[in-house]
Amino acid sequence: MSLPSSPTDFSLADARDAVRTKKISSRELTEAFVTAIEGARVLNAFVTETPDRALEMADASDARLAQGEARPLEGLPLAVKDLFCTKGVRTTAGSRILSNFIPPYESTVTQNLWDAGAVLLGKTNMDEFAMGSSNETSYFKPVLNPWRARDSNQNLVPGGSSGGSAASVAGKLCLAATGTDTGGSIRQPAALTGTVGLKPTYGRCSRWGIVAFASSLDQAGPMTRTVRDAAILLTTMASVDAKDSTSVAMPVPDYETGLESGVKGLKVGIPREYRIDGAPSEIDVLWAKGAEWLRAQGAEIVDVSLPHTKYALPAYYIVAPAEASSNLARYDGVRYGHRTSDAKDIVELYEKSRAEGFGAEVRRRILVGTYVLSAGYYDAYYARAQKLRTLIARDFTEAFTRCDVLLTPATPGPAFALGAKTDDPVSMYLNDVFTVTVNLAGLPGLVVPAGLTANRLPLGLQIIGKAFDETTVLRAGRAVEWAADFAAKPDAWWRAA
Amino acid sequence: MSATERSARLIEGARGAWEVVIGLEVHAQVLSHAKLFSGAATVFGAEPNTQVSFVDAAMPGMLPVINRYCVEQAVRTGLGLKARINPVSVFDRKNYFYPDLPAGYQISQYKNPIVGEGEVFIDLPHGETVRVGIERLHLEQDAGKSLHDQHPDYSYVDLNRAGVALMEIVSKPDMRSSEEAAAFLKKLRAIVRYLGTCDGNMDEGSMRADVNVSVRKPGGPLGTRCEIKNVNSMRFVVQAVEYEARRQIDVIERGGTIAQETRLFDSKAGETRPMRSKEEAHDYRYFPDPDLLPLELEQNWIDGIAASLPELPDEKKARFLRDYGISAYDAGVLVTERELADYYEALARGADAKLAVNWLNNEILGRLNRDGRTIGECPVSAAANNAILRMVADETISGKIAKDVLDIVWTEGGDPHAIVEQRGLRQVTDMGAIEHAVDAVIAANPEKVEEAKAKPKLAGWFVGQVMKQTGGKANPQVVNALLKARLELPEEG
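Those sequence lines, one after another, are chains A and B.
Start counting the first sequence at 1; every next residue gets the next number (our numbering).
Start counting the second sequence at 1001; every next residue gets the next number (our numbering).
None of these hints come from the bench; they were simulated from the model.
Everything numeric in this text was worked out from a predicted model, so none of it was measured.
One thing to keep in mind: the hints can contain errors.
Stated by the list, open to error - Result set (EDC-like, lysine to aspartate or glutamate): computed pairs, CA atoms no more than 16 Å apart in a straight line:
#	chain 1	residue 1	chain 2	residue 2
1	B	Lys1484	B	Glu1435
2	A	Lys344	B	Asp1153
3	B	Lys1448	B	Glu1488
4	B	Lys1111	A	Asp379
5	B	Lys1229	B	Glu1271
6	A	Lys267	A	Glu292
Claimed, not checked - Computed Cβ-Cβ distance ranges for the label pairs, DEER-style:
#	chain 1	residue 1	chain 2	residue 2	range
7	B	Phe1044	A	Ala343	30 to 38 Å
8	A	Val240	B	Phe1044	33 to 41 Å
9	B	Ala1041	A	Glu56	55 to 63 Å
10	A	Ile102	B	Ala1041	50 to 58 Å
11	B	Ala1328	A	Val240	55 to 63 Å
12	A	Ala383	B	Gly1127	38 to 46 Å
13	B	Tyr1069	A	Ala420	51 to 59 Å
14	B	Arg1084	A	Arg272	45 to 53 Å
15	B	Glu1253	A	Ala383	27 to 35 Å
16	A	Ala383	B	His1126	30 to 38 Å
Just so you know, even glycine gets a beta-carbon here, dropped at the ideal spot from N, CA and C.
Sequences and hints are given; from them, build the entire structure.
Dropping the structure here:
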């Protein structure tokens, strides 16, 4: 291993090894990221920076390292999506209604990180309550994508909802970050920022302490610069948690093990329904290239069908808002969070606190969710969406009788300009067309950067696997990563800004 | 006996007789140290907001985890109601906004409750037994409490009760009088208290009932029902039903129709009133709670609970009738409280079972009633009372002295045997001593002897004098027999 020119260029794996072998201290590493974050405020990737805490944690790690007591992520600086409750550190969910909320508890996933020695750099910006695909619904203003198109000064979105995490990983403002994915919120921004994003199987990472959006779909996962880093981070993030009834009692393997064992003999399914009209040809070309890469490494490519794919997006946009409308009822201005300053009775307190506290997209989804659960509409919408969900899950089960993993595009296109889709919610929702199916079926999905558009914007490919088979998903993702040899980097234009 | 066979209890209206049809939804707080989905405590009367976990306060990202013991209690109750236990049940969210409902939804069971159909038998004073069907039992969270009297401008909220486990037990509309409704509630209370699944304490709100009332022409189709919310005593159930039935009859007889609505019982005015329409215009938007998996119960586990059930009131009553030969009425009264039944059994051990019932009813319950105490607070143990009864049976003391002994033990404590010995209360059965006393009284009162011979009833005066001379300890049978012989009175008097 050779030391990179800047400590911020380390992968998580390399930084881990460098810290353990004392080539660099956690404090030096952390200071480098603190400086990088300060120099990148124009990206607006962080809602809250925690440099003091970071340095304290780094020093504690250095003390442990000096004792030879390194834990798996000892001294490694990470960013955390502002949806994970962090004890004593403001947690906003990107919303005004929680803009003053400081949790008195730590989410299970972040506790796992701190128990493994990781260092908190800050809380990353996100779409409000994780509802969005561009990070433009954040109460704390949009995040800018570190990537710009060739010869362009136009600001692009980083995707969403984990846009701040994606931008900070792509912009080298942290070694890695946590994200959450309800319909594509880890994978779509990973694709749009040339980074790796993994949504694990539903039930793999505890949801305890993560601000809920849609409980049956939400899942935390790693956002990193390499597939290996995703494997390392997931190994610590994942756990079996008695505090989350939907946590699944499966032992957590070391996902790094076997990462390089290749795809020889692996059956890779190509679902024909993921070819959509009107998508840029670059998407299909990259997809075909990905299949060819895997074939060249010894995988067997098989055509499969997921016939109910076209119902996934509509089903998602019923189930997710329905659950959200109920999950967000607790933000009422009574116990914590934003409360209106003028209310003459309890009904007005609710109405004004919520109208002031929630942004337009959140309000829209609460309204949709309330509608689809209403008496007389439940059977027509929610009950049917749940049936579709069963059919979609069955499609995958059948496909997986013929293959081990699926290879699909990650997004219908590259990063787009700020404001390009904000007036058209449906076109915004279409961003998730390749990712929502996985949430509805509860399966693991991994996005790996695989190429650039003609305009030099990153594009990703997605590997979908069987439930709790993240190991195979990561192994296949590593094969794509190796073949793609994606070395492009965004120009650090923001440093000049 | 089926519900239709029992004697009609009809209400006379201006235009003929009406039948009242009643169904109850009883909320019974599960006896458990922790809440249904959190580890917070459930002690009654604690300082406001001292028993609230992050889950109960619906903090962001908090998740419910089912309390296994509460599930066990619900299953135990279901088994006690001879009901079907559903191997799979589902928790749903009932969505509405209220300050004492922190999450904005109550976790309840809507379509798939944990317990299905069962039954309860109620005893009526006329000796009739009526079967009341149980529709279902489900688990749900209680809400917190809004306090409107703490501050001139603000309402306060106490979340201690928020999330406490409740069992909602829904009866079939099988009751036909206020008396039956009260008897049902009483029986249900006895069953859950026997099972240890609810303390049945209506004063503390551990048990409260929503009462559904409708009226119809006897045998006719069911009328439209009104639901009277949160009736919190047996007496109020009776009053609410009677008021509401009369109100509905009056409305219909005056040509009106009954609107299905939710009403409140005002115990001060003794009347029911419609709730504000705003409060009942809810669309609860039920849907399965995605934070909780369906609740799946193993048959083995259910069987284990079934095997550990205590003897329940009906079984106990049947055994009392069989083993003690006491009246059905007495047995019914004894089994209403497990403690009372247990007390009786200890009292009757080796004693005359019928005398024991009378002793319990007349002496013990009488004194407890006077002192405002419950059987659990009885100052004299069943064993001590049993000792007194045994001394009466073996003629160590007379029935009258027995009451004196009980009074002493009641106020001063002590062992009944020792008291009898130390205070010389042992009954005198020594014929010589009694004869001596009888002769002395006769000798001293010749004119009374003449009177008594003419009017045998006056022999009672001699009994009194002899008892006085012997300090009340003479065996009264012996005194009677001797007096009759000495005064030459006929055997039958």
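Results of checking the hints against the structure:
Our distance criterion of 16 Å between C-alpha atoms is met by Lys1484 (chain B) and Glu1435 (chain B), whose separation comes to about 12 Å. For the proposed pair Lys344 (chain A) and Asp1153 (chain B), the alpha carbon gap of about 10 Å is at most 16 Å, so the pair holds. Between Lys1448 (chain B) and Glu1488 (chain B), the direct Cα distance comes to roughly 13 Å. Compliance with the 16 Å bound is thereby established for this hinted pair. Using a Cα cut-off of 16 Å, the hinted pair Lys1111 (chain B) and Asp379 (chain A) holds, with the two alpha carbons roughly 14 Å apart.
Restraint check: the Cα-Cα separation between Lys1229 (chain B) and Glu1271 (chain B) comes to about 12 Å, which is no more than 16 Å; the hinted pair holds. The straight-line distance between the Cα atoms of Lys267 (chain A) and Glu292 (chain A) is roughly 13 Å, inside the 16 Å bound, and the hint therefore holds. Evaluation of the 30 to 38 Å hint for Phe1044 (chain B) and Ala343 (chain A) yields a pass: the beta carbon distance comes to about 33 Å. Under the hint 33 to 41 Å, the C-beta atoms of Val240 (chain A) and Phe1044 (chain B), about 36 Å apart, fit the expected range.
Hint check: Ala1041 (chain B) to Glu56 (chain A), Cβ distance near 36 Å, so the stated range 55 to 63 Å is violated. For the hinted restraint 50 to 58 Å between Ile102 (chain A) and Ala1041 (chain B), the CB-CB distance of approximately 26 Å leaves it violated. As the Cβ distance of Ala1328 (chain B) to Val240 (chain A) is approximately 57 Å, the hint placing it in 55 to 63 Å holds. For the pair Ala383 (chain A) and Gly1127 (chain B), the supplied restraint of 38 to 46 Å is violated, since their beta-carbon distance comes to about 51 Å.
Evaluation of the 51 to 59 Å hint for Tyr1069 (chain B) and Ala420 (chain A) yields a pass: the beta carbon distance comes to about 55 Å. For the hinted restraint 45 to 53 Å between Arg1084 (chain B) and Arg272 (chain A), the CB-CB distance of approximately 48 Å keeps it satisfied. Distance hint check for Glu1253 (chain B) and Ala383 (chain A): the Cβ-Cβ separation is about 44 Å, which falls outside the suggested range of 27 to 35 Å. Between Ala383 (chain A) and His1126 (chain B) the CB atoms are about 50 Å apart, so this pair departs from the stated range of 30 to 38 Å.
The structure fails hints 9, 10, 12, 15 and 16 (numbered hints given earlier, in ascending order).
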